[in-house]
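Could you build the full structure based on these sequences and the hints that come with them?
2 protein chains.
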Amino acid sequence: MNKHNSEPTKERLLSSGVDLFSKKGYSGVSVREICKHAETSMNMIHHYFGNKEGLLNSIIESYGQNVFVFPLKLLAKEPISRTDFFSRIELVFETTLDAYIENSLVLMITIREQKSPTSLIEYAECFKNFIAIGKQKGFVRKELDVEMITGFILDRITNQVHFASWIKSDTGADILNDQEYLKRWSKSNVDLFINGIAS
Amino acid sequence: MNKHNSEPTKERLLSSGVDLFSKKGYSGVSVREICKHAETSMNMIHHYFGNKEGLLNSIIESYGQNVFVFPLKLLAKEPISRTDFFSRIELVFETTLDAYIENSLVLMITIREQKSPTSLIEYAECFKNFIAIGKQKGFVRKELDVEMITGFILDRITNQVHFASWIKSDTGADILNDQEYLKRWSKSNVDLFINGIAS
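Protein chains in written order, with our numbering: chain A, 209 to 407; chain B, 209 to 407.
These are calculated hints, taken from the structure and not from any lab test. Worth double-checking, as some hints may not be accurate.
Pairs count within a copy or across copies, as identical chains cannot be separated in the list.
[Stated by the list, open to error] Quick list of in silico lysine to any residue cross-link-like pairs, SDA-like style, CA-CA up to 25 Å:
#1 Lys376 - Ile361
#2 Lys323 - Phe371
#3 Lys336 - Thr248
#4 Lys376 - Ser266
#5 Lys395 - Thr379
Right, here's the structure in full:
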């Protein structure tokens, strides 16, 4: 028995979608191909997702849930002290990086198709609010233009993961497999951000 | 007469390559298609660039020259004072951003094909050295891990330009056409970086 067949049909369709869309792009894959890969019949995509676009949206939304659930928890409560504020930023950075690495195939798909999951928009909003509260409480420099710098963490993390093999071939650094490098990179970039915003 | 025909054949092939590779990807374009678009005969690609890959490499290398010539000049001389050091970082950021916007189509090609022009590697090296000198001279925090943070500027700029239309549809911000936003974004991010590294 194929390993696939132990999973329910819906899950098989989702993972076949991830596999094929990340390799060939959304427009390069047919419904027939996805169903064949998932070892199910053509009407199952219609049944679970409406159509190919519905499958893509489900993949991206469930990725968003995976990736941002923990960072969103960290950002939801108001920081109670300066230490709490900065240590939560550190945790947001680390958990987002881990989640991006874990879900790198779907990250590629979101970039290629330029589709944001709802929770990415929510994350950006929560992060901005969190920093704005830090500013009100005096943890953050008064001159800081909060709206303009909230992309910092996602830009750095997105590119390290998206371009991992490119960076590896240019510089030798291997964030996907070298735990020491991962820690050093993460620590230094959180440190840059925190020093960049702190009052 | 087509506007194309006033340019020399070699230039026409380069700009047809940029146009077609950025729209359809390197592997989605044939030599025949490029020559037709450039209104020249098939053997001209062979004559000027050897083959399709030679054309791609020429496009990417000449893009690298365009984009990094001014930033490289700014980084070449040793900073003579703290003010000189930080104002040069500001200029590097602004000139790199302008050049990326100016050359956004080739930026898309380098990202899609994951090919770095020689001068990008040189830029990364020079930037790292420049910050390291700033550290030796006491302008930069002692704890700063220089190697880990030099990607900051290129990550921020690359993503703002590469994802410009995506960012616009998610947030309304339009870095390619809104000069006010461009200035505000650029100023705030330089400010974050400088505060992040300064001693």
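Status of the hints after comparison with the structure:
1. Proximity of Lys376 and Ile361 under a CA criterion of 25 Å is satisfied in both settings, with 20 Å inside one chain copy and 19 Å between copies.
2. With identical chains, the CA atoms of Lys323 and Phe371 are at most 25 Å apart both within one copy (18 Å) and between copies (11 Å).
3. Taking CA atoms no more than 25 Å apart as the test, Lys336 paired with Thr248 passes in neither setting, with 44 Å inside one copy and 53 Å between copies.
4. Within a single copy, Lys376 and Ser266 get their C-alpha atoms only as close as 31 Å, which misses the 25 Å cut-off; across copies the closest is 23 Å, which meets it.
5. In this assembly of identical chains, the alpha carbons of Lys395 and Thr379 lie at most 25 Å apart only when taken from the same copy (19 Å versus 29 Å across copies).
Violated hint for the displayed structure: number 3, the only one.
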